[in-house]
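Kindly produce the complete structure, drawing on both the sequences and the hints.
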Amino acid sequence: MAEKVLMKGNEAIAEAAIRAGCRHYFGYPITPQTEVAAYMAKRMPKIGGVFLQAESEVAAINMVYGVAASGKRVMTSSSSPGVSLKQEGISYIAGSDLPALIVNVQRGGPGLGGIQPSQSDYFQATKGGGHGDYHLIVLTPASVQEMADLTSLAFDLADKYRMPAMLLADGTMGQMMEPVLLPEEQVHTVAKPWAVTGTQNKRPHNIVNSLYLVPEELERTNEERFARYRQVEENEVRYESYCMEDADYCLVAFGIAARVSKNAVDALRRQGIKAGLIRPITVWPFPKAPIARAAEQVKAFISVELSMGQMIEDIRLAENCRKPVVLCSRAGGMIPTPEQIMQTVMEQNGGND
Amino acid sequence: MGQTARPGRLVPYRMLAPKRVSLFCGHYGSGKTNLAVNYALWLRRAGHPVAIADLDIVNPYFRTKDSEAELTAAGIDVVSLPFAGSNVDLPALPAQAYALVQNTDRYAVLDVGGDDRGAYALGRYVPYIRQENDYHMFFVVNFYRPLTPTPEEALTVLREIEAACGLPATAIINNSNLGAETTAAHVAATRPKAKQLAALSGLPMAFTAAEQSLARADWFPLTLQKKYY
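Protein sequences, first through last, are from chains A and B.
Under the working numbering, the first residue of the first sequence is numbered 1, with each subsequent residue one higher.
Under the working numbering, the first residue of the second sequence is numbered 1001, with each subsequent residue one higher.
Quick caveat, the hints were computed from the structure, so don't treat them as lab data.
Mixed in with the good hints there might be a few duds.
[To be verified] Below, in silico cross-link-like pairs of lysine-lysine (DSSO-like), each with a Cα-Cα straight-line distance of 27 Å or less: (1) B:Lys1227 / A:Lys274; (2) A:Lys4 / A:Lys42; (3) A:Lys72 / A:Lys46; (4) B:Lys1195 / A:Lys4; (5) A:Lys127 / A:Lys274; (6) B:Lys1193 / A:Lys46; (7) A:Lys127 / A:Lys160; (8) A:Lys42 / B:Lys1193; (9) A:Lys127 / A:Lys4; (10) A:Lys323 / A:Lys288; (11) A:Lys274 / B:Lys1226; (12) A:Lys299 / A:Lys288; (13) B:Lys1226 / A:Lys4; (14) A:Lys4 / B:Lys1227; (15) A:Lys323 / A:Lys274; (16) A:Lys274 / A:Lys299; (17) A:Lys4 / B:Lys1193; (18) A:Lys160 / A:Lys202.
Small disclaimer: the values here were computed from a predicted structure and weren't measured.
As structure tokens, this is what we get:
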């Protein structure tokens, strides 16, 4: 029987990755995710794995690209400015149909921004980030337990759909400590016949590349890739619904914002206001169907974010202009309080409480 | 440390005579900051003049500064890094920390950063602390942390910290906990490990610490910060 341990979110990511069979980590330190690298630096040499602090984020993501081509489980982690630097490599990995895990423990931006928590890389994570037509599977943990669990899931989904996955956390999730039941050691057995592992003169060469000289072929490759994306949208949407059965107001929030929102829902209910929460666990694919269903029932949506309002656009697309969607947010490293969220809901409730 | 203390023996905190300087070191996330804050408040309640300094140059979140209002209200001087809690990720030490170490009129509580890397920063103050020679250097351990699950692994961290800062630890604090899920049984279950660490290191146990609603009579009761998420 496994026992719980007390972990920082960043450590939980690292340990869960190791238990998911990841033996290759390439990164460059940046607050507030440095513990991922620090943990890997301590553990990887003991288990025959590779920890490498690259000379830059650009180098690190290209090392990830190389190992991914060999079919091994591989990851990198960074925080917002560092993830921006990785975007070219992520596009190449997506364009080569390779599985890999990219962790973004977000901090305030744009530019060098700050080191305090943020969710303002939502657009970058869900709408591409790099160039070209592609998606990442984007998972958003809201507890240290989920930092571990979604790391395992991200590796599995990346392998299954041959595409990069991103764990989109924030500084608070990375730094906070909670008890965790770590996932068991995993033996992954997904066949990777495309992997560049040496032909032994027994098969034709595998070529991993994102360059297509014939436009028709590039178009066809894009179409095939998007057929896979449709499967992901059909099969891999994940969300949590909290107190939505009779809700008049639907908060939508992920990660740290969802934790504050849950407390706000409880406090609002104590005051007789029927609030509920839809917490996307995948933000790509976005849980459009539950939002659309909620639009039949609720009076308004409240998008709670640590940004100037990014996910709110996906909520509006999903609920299709049927109900008002308002923003409740803080930016620059600040976190909304339950009181701020309650105030926003009460304003929708005609201002009377 | 009291003269009667022997390795492996539990000294109830009430019997632990405070020294002029109290340092809290340990592995990342072992609870150094919480202990330093609570220990400073305990000293203050006992009527002593107290100042606390945050020397953690490693961790940018969850710091002594988060308890500044409570500490200040209790009449404790708080010396934080100039940029703590801000967006400046600059590991600069507060100039006033020298005054804390050198001014022997009041009790000083020093919150040292995690692991050996955090303890390097302490090195610059060590000559003064050694010269005065009136200090506790508490090694804080949480056996529920995944990199210090055994007394042997905790001892490795302890020796790395001592080597980094050049100051030997003087006593062990068992702060084993599982965050909000901690029960008194969780804490009690780690006491054999704590005693073994004391025996391995040759250091006495200072005390066992636990959240105040869990703490038994001979444990050091901790008040923890409230979170709204």
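Can you confirm whether the C-alpha distance between lysine 127 of chain A and lysine 160 of chain A stays at or below 27 Å?
21 Å, holds
Verify the proposed pairing of lysine 127 of chain A with lysine 4 of chain A, using a straight-line Cα cut of 27 Å.
The given pair, whose Cα atoms are some 36 Å apart, is violated under the 27 Å limit.
Starting from lysine 323 of chain A, check that the Cα of lysine 274 of chain A is at most 27 Å away, please.
16 Å, holds
Pair hint lysine 4 of chain A and lysine 42 of chain A, alpha-carbon separation not exceeding 27 Å:
21 Å, holds
For the pair supplied as a hint, lysine 4 of chain A and lysine 1193 of chain B, is the alpha-carbon distance within the 27 Å limit?
17 Å, holds
For lysine 127 of chain A and lysine 274 of chain A, compute the direct alpha-carbon distance and say whether it is at most 27 Å.
33 Å, violated
Does lysine 323 of chain A pair with lysine 288 of chain A here, judged by a C-alpha cut-off of 27 Å?
Holds. Lysine 323 of chain A to lysine 288 of chain A sits at ~14 Å (cutoff 27 Å).
Tell me if the straight-line CA distance from lysine 1226 of chain B to lysine 4 of chain A falls inside 27 Å.
22 Å, holds
Next pair to validate is lysine 1227 of chain B with lysine 274 of chain A; report whether the Cα-Cα distance is within 27 Å.
With Cα atoms ~24 Å apart, lysine 1227 of chain B and lysine 274 of chain A stay inside 27 Å; holds.
Does lysine 1193 of chain B sit within 27 Å of lysine 42 of chain A, going by the straight-line distance between their CA atoms?
With a Cα-Cα distance of about 23 Å, the restraint between lysine 42 of chain A and lysine 1193 of chain B holds, given a limit of 27 Å.
Does lysine 299 of chain A lie within 27 Å of lysine 274 of chain A when you go C-alpha to C-alpha?
10 Å, holds
Is lysine 4 of chain A close enough to lysine 1227 of chain B, meaning Cα to Cα at most 27 Å?
At roughly 21 Å apart (the allowed maximum being 27 Å), lysine 1227 of chain B and lysine 4 of chain A satisfy the hint.
Violated hints, listed in ascending order, are 5 and 9; each of the other numbered hints is respected by the structure.
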